[in-house]
Amino acid sequence: MRSEPVVQVQALVKRYGTKTAVDGLDLVAKAGVTAVLGPNGAGKTTTVETCEGYRKPDSGTVRVLGLDPVRQSRQLNPRIGVMLQSGGVYSGARADEMLRHVAQLHAHPLDVDALIERLGLGSCGRTTYRRLSGGQQQRLALAMAVVGRPELVFLDEPTAGLDPQARHATWDLVRDLRADGVSVILTTHHMDEAEQLADDVAIIDAGRVVAQGSPEQLCRGGAENTLRFSGRPGLDVGSLLKALPADCTAAELTPGSYRVGGKVDPQLLATVTSWCAQHGVMPEKISVERHTLEDVFLELTGKELRS
Amino acid sequence: MTAGTAGTTGTYAPRPGAAPLPRMIGAQAALETKMLLRNGEQLLLTVVIPTLLLVLFSSVDIVDTGAGEAVDFLTPGVLALAVMSTAFTGQAIATGFERRYGVLKRLASSPLPRWGLMAAKTLAVLVTEVLQIVLLTVIAFALGWSPHGNPFAVLLLLVLGTAAFSGLGLLMAGTLKAEATLGAANLVFLLLLVGGGVIVPLDKFPAGAQDVLGLLPISALSDGLRDVLQHGAGMPWGNLGILGVWAVVGLAAAGKFFRWE
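Residue numbers (the numbering used here), protein chains in the order written: chain A, 18 to 324; chain B, 821 to 1081.
With the rest of the complex left out, here is chain B (with noise of 0.2 Å):
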């Protein structure tokens, strides 16, 4: 530590001025993926535990998927599982430590805007989605994947999917503790991984149950992304419905109900 100058420099002089804004949410952006991406645990929900089912299951024949190639019937559902591991439960709990460390609130009083912030995290979470899916993608073509369909289609669920579980991880981070979070975006993360057709096809469970786990978010996003992926559909609407549902109602929640600190 240096000791205090006398006098005038000039060095602290006031020369206020907000950076453009492309700057401070790019660097918002940037920020935040480098944090998700040091993160070990983070780490471990969005590339550890899909890489690990996709290569698992797609080798070892413990699930019945039913007919033609494993790797075909998985991908699409891991995929979903990418999505949600880093919208949903990343996001719910990076947020919700923010929330609680006063990081949300220390960056409120800065030149960057809310709705920066929030552009921010968007951008980080689709970077690291970016990433994942590149992962699986190639490792899926590993394993003899043979995906059909339309891009677009896969394009505006993994879109709409992203929406529906950002909103419903911001409305946890926004509102619960976050040690409350940390546990229940896990406990989250593990149910929909059992009962949202990832890995264990919705036919194996009795048909009041299909009903309802078919409303699932993930369910919707690892049905649509199988329909157009596996048996080449076109624009799977239903499940699309589904998605914006959850996404409308999602983050208009978090909208009114999320605390900043």
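Here chain A stands alone, though its shape is the one from the complex (with noise of 0.2 Å):
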């Protein structure tokens, strides 16, 4: 895989009237799948259209696969795929049809036929575009991104809309195209697809990057996790705060349930459980919660990732 980011941000601005969409947004996505995720309004759409050619910043550059995405489009869209997050495809025209057609634009497109079958459209048959289901609507629009065989995929919200089966046949496409080398920039406001997915995660919140780094990290780094266990009621609590490291946090939630807040590692653990020796505690159902992208979300922006 290339070493050089196929994606690279520096402090972009893109107003709409008066609304400032994205306000100074850095962004580096290296090759591999990059997930951008944020709340509707965040400014994904706008910072991925902005990567595909379609909007022009106000201020800031953009480069992709190190080229000006306005003034070196000729050079770029063969090299790129791009999945609108909704239509793209002539009303009248039939599924396989408009394959072809995407396809029949590259010089080394993939095999139609076998697109068709993996991503399930060969069941469309005759039906034009305006009437095929919104899940068919959405496959197409994948295909038609990655025919062309680019080295980097643009999808917005690929899987807004469909049924679960559907969703793991995108992600298992996305896996597929990430192990023969091609690029994904994913935009969705699933935590657990990009948590499957990606080997790297932006969050992006009012126009800007609040967080950046793989999943894992995002995980540990941000948030504090919480350990749980119940005993006997009534545990002097104060003391087990003593006994653990200076940032952390206990409670008694309810009567013989507990909870240690902070930074969980084995050695929280192993004091813990020795405090618990030390008072004659038999702690039952010890429990580790890591905590998930959302609570990471949550914790950087104060909002709901589905809001």
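Don't read these hints as lab results, they were simulated from the structure. As the structure is a prediction and not an experimental result, all values here were calculated from the model. Do not take every clue at face value.
[Unchecked claim] Below, a list of computed lysine-lysine pairs in the DSS-like style, where the Cα atoms sit at most 27 Å apart:
| hint | chain 1 | residue 1 | chain 2 | residue 2 |
| --- | --- | --- | --- | --- |
| 1 | B | Lys-1076 | A | Lys-36 |
| 2 | A | Lys-73 | B | Lys-1076 |
| 3 | A | Lys-73 | B | Lys-997 |
| 4 | A | Lys-36 | B | Lys-925 |
| 5 | A | Lys-73 | A | Lys-36 |
| 6 | B | Lys-1024 | B | Lys-854 |
| 7 | A | Lys-73 | B | Lys-925 |
| 8 | A | Lys-36 | B | Lys-997 |
| 9 | B | Lys-925 | B | Lys-1024 |
Put the two chains together into one complex; each comes in its own frame, and the hints tell you how they fit.
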């Protein structure tokens, strides 16, 4: 895999009228799968569409595969694949017809029949685009993004509105693309999608990147984790707190049910169990809760992802 | 749907590249033409209405078409109408909805350059016009049409008319909402059908109105075609001039104001 970034966005600003959609955004995406995660209206689509050459930055610079997406679109377009959030197909065209057409615009396209089979588009038959189901329309748009054998694929909410089966088929295709050396930038507001697919996650809120890293790094670094256990009611929580590292919390939530908050690592677990041993407590139902990207997001922005 | 294959098979390994330009434009023009011919409303405008008007008014004496055979008066007008229906009305409506449904947007990120898309659209319009003209000419001959004049002048009128109507159609499609374009393009079609010398001679209108109506692209085209085909005139420079001005103004405005999404 190439080591230089596939996408480099520096201090991007994009306004629509008086509304600032993207507000000084910096993003570096390396080869692999990068998920751009954020609530609706965070600036995900604007950022991606600037990379695709649809929008001209008000300020800042955008480079995709080292090229300017607006001024060097002739060189860039054959090398990227684009899946729009919706539409993009003649309402009177059949799925296979449109896919074959896009394939014809490329020098070395994928085998169209195999792609139709792979994405379950064969059942569309002679149905025209406007009468396809939402899921079929989504899968056709995905197929159109990859058929030209691009180096880099942009997928704008590729699984929005898909049933679980179709969603997994999409995930499988993204994994295969990655395995074959295709880089993918995808926007999503499903954290499980980002956790499942992405090498790198950029969390966007109010037009800025508020955190970036691998899903593991973000979950470890951003949020504190929780350890729960049950014991006899009325334990001396203050004494437990003294035994713990300084930045931890401890509380009895309901009688006999305790919660310890902090960086939960093997050392902390040992500290808690040895305190229990000293106080003649048999801790039961010990559980460690790893924070999800959703928790990280809540912590960073104070907002629900699916708002 | 098949499950994902584990590991690298190389199926999707990048191998990017644009197809040769002629192939892209050819494929695009073929698809655009196919979409147009598949669309029922478009066929109504481009084929059914011109054919019906030609047959009906040639065989039934409803409109006073002046001296000579009705078909000799009507055929040039209906040919002008056919050009307008495809280059203006049909193209405006189709392009308006392509813009609305993100087709133009999606194609803008494909290897096909924007000018290539416009060239393909023009080709699709020309192919459709050739089919229309062949059909209408065959019907006109069956109705006893006897054309005169210089075929080169006819060709020039048709080309300039196409350019003028394309510019205006694209201007409308690229600036108005798709529904507004649909309504307005049909309305303009109807108004120009009545007031543009297609089936009703312009001299049936009051003198003041005639001067204004004569400057419309449809009047210039139908009048120019009639001068040549019915009366055997040479180059109808006046009408060619009017069409030329519309073409330049329309295409320049479309180029400046067209919004791709």
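Hints, one by one, checked against the model:
1. B:Lys-1076 x A:Lys-36: Answer holds: Lys-1076 (chain B) to Lys-36 (chain A) is near 25 Å, not above 27 Å.
2. A:Lys-73 x B:Lys-1076: holds (17 Å)
3. A:Lys-73 x B:Lys-997: The hint holds at about 23 Å.
4. A:Lys-36 x B:Lys-925: Given that 27 Å is the threshold and the Cα spacing comes to 23 Å, the pair holds.
5. A:Lys-73 x A:Lys-36: With Cα atoms ~16 Å apart, Lys-73 (chain A) and Lys-36 (chain A) stay inside 27 Å; holds.
6. B:Lys-1024 x B:Lys-854: violated (40 Å)
7. A:Lys-73 x B:Lys-925: holds (14 Å)
8. A:Lys-36 x B:Lys-997: holds (23 Å)
9. B:Lys-925 x B:Lys-1024: violated (46 Å)
Comparing the model with each earlier hint shows violations of hints 6 and 9; every other hint is respected.
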